[in-house]
Amino acid sequence: MNRVQKIALFFVVTISVAFLLSCIAIGILYVKVGMPKALAGLGFMGIAGLGGFSALIFQTEKGKVTLDERDRLINRRAALAGFGTSYLLVGLACMIPFFILGPKASISVSWLPYIFGGVGLNMFFVHSVAILIQYGRSDKGEKV
Amino acid sequence: MGNNNLSNQIRRLRFENDQMTQQELADKAGVTRQTIIAIESGKYAPSLPLAFKIAQTFGISIEDVFQYENEQS
Chain E
0 MNRVQKIALF
10 FVVTISVAFL
20 LSCIAIGILY
30 VKVGMPKALA
40 GLGFMGIAGL
50 GGFSALIFQT
60 EKGKVTLDER
70 DRLINRRAAL
80 AGFGTSYLLV
90 GLACMIPFFI
100 LGPKASISVS
110 WLPYIFGGVG
120 LNMFFVHSVA
130 ILIQYGRSDK
140 GEKV
Chain L
0 MGNNNLSNQI
10 RRLRFENDQM
20 TQQELADKAG
30 VTRQTIIAIE
40 SGKYAPSLPL
50 AFKIAQTFGI
60 SIEDVFQYEN
70 EQS
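Chains as they are written, first to last, in numbering that gives the first Met the number 0: chain E, 0 to 143; chain L, 0 to 72.
Note that these hints are calculated values from the structure, not bench results. All figures in this text were calculated on a predicted structure; none of them were measured in a lab. Don't take each hint at face value.
[Said to hold, decoys possible] Here are the computed lysine to aspartate or glutamate pairs in the EDC-like style, where the Cα-Cα straight-line distance is at most 20 Å: (1) L:Lys27 - E:Glu68; (2) L:Lys27 - E:Asp67; (3) L:Lys42 - E:Asp67; (4) E:Lys63 - L:Glu23; (5) L:Lys27 - E:Glu60; (6) E:Lys61 - L:Asp26; (7) L:Lys52 - E:Asp67; (8) L:Lys52 - L:Glu39; (9) L:Lys27 - L:Glu39; (10) L:Lys42 - E:Glu68; (11) L:Lys27 - L:Asp63; (12) L:Lys52 - E:Glu68; (13) L:Lys42 - L:Glu68; (14) L:Lys52 - L:Glu15; (15) E:Lys61 - L:Glu23; (16) L:Lys52 - L:Asp63; (17) E:Lys63 - L:Asp26; (18) L:Lys52 - L:Asp17.
With the sequences and hints as input, model every part of the structure.
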């Protein structure tokens with residue numbers, strides 16, 4: 000498993016853990032105190048921020064080729080998948096309320112930061128998963 | 000990323016060149032060992048500059064390393 004794969008895996012784990020804990024916290028808080036206070040459970044999404052330290056945790060080995068044309072191609076395709084699904088999510092976030100609530104309804108702007116955060120996390124998550132899928136098992140048993 | 004029409008002789012050439020390891024070839028071509036593995040197994044079609052680099056490493060022409068089979072022929 001190379002450095003890019005390790006970073007991608009780290010992102011997938013941190014985002015998954017953050018999402019899971021947030022869902023559990025919101026569920027528990029919803030039963031205990033109800034909405035909108037239950038949204039405080041979203042605080043667990045901060046765990047996803049640990050992914051930002053991945054570049055420091057998995058450092059490059061000096062004097063060794065760690066990134067070549069194949070890695071760049073994989074990363075470019077993964078980025079495309081991440082941005083593509085994010086575009087789809089933004090589209091859904093815009094169109095679903097429109098069709099459910101109707102053209103004359105209005106929604107609170109407080110939803111916008113949630114959409115922004117959610118779409119950003121989705122982008123990182125899909126990007127990382129796409130990297131892991133593309134590398135696949137082709138490097139089975141390899142230590143690079 | 001791979002190309003079913005593209006085959007290569009890298010594995011054979013490595014062994015004919017003092018049993019060159021994948022890591023040695025990777026270092027000479029300026030890529031990672033994973034990329035050499037992917038090229039050898041046909042899972043990745045290298046760029047033209049990389050294909051030339053690999054051929055130069057073995058000291059032969061690019062046609063002797065990579066072969067393209069046209070489906071129509």
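For each hint, the structure was consulted:
1. L:Lys27 - E:Glu68: 15 Å, holds
2. L:Lys27 - E:Asp67: 13 Å, holds
3. L:Lys42 - E:Asp67: Answer holds: L:Lys42 to E:Asp67 is near 15 Å, not above 20 Å.
4. E:Lys63 - L:Glu23: The given pair, whose Cα atoms are some 12 Å apart, holds under the 20 Å limit.
5. L:Lys27 - E:Glu60: 17 Å, holds
6. E:Lys61 - L:Asp26: Cα-Cα ~13 Å, so holds.
7. L:Lys52 - E:Asp67: 13 Å, holds
8. L:Lys52 - L:Glu39: Holds. L:Lys52 to L:Glu39 sits at ~15 Å (cutoff 20 Å).
9. L:Lys27 - L:Glu39: 16 Å, holds
10. L:Lys42 - E:Glu68: Distance of about 14 Å is within 20 Å: holds.
11. L:Lys27 - L:Asp63: 18 Å, holds
12. L:Lys52 - E:Glu68: Status holds; Cα separation ~13 Å.
13. L:Lys42 - L:Glu68: Roughly 16 Å between the alpha carbons, so the hint for L:Lys42 and L:Glu68 holds.
14. L:Lys52 - L:Glu15: 18 Å, holds
15. E:Lys61 - L:Glu23: 17 Å, holds
16. L:Lys52 - L:Asp63: 13 Å, holds
17. E:Lys63 - L:Asp26: 8 Å, holds
18. L:Lys52 - L:Asp17: OK: L:Lys52 and L:Asp17 at ~18 Å, within 20 Å.
Going down the numbered hints, you'll see the structure goes against none, and every one checks out.
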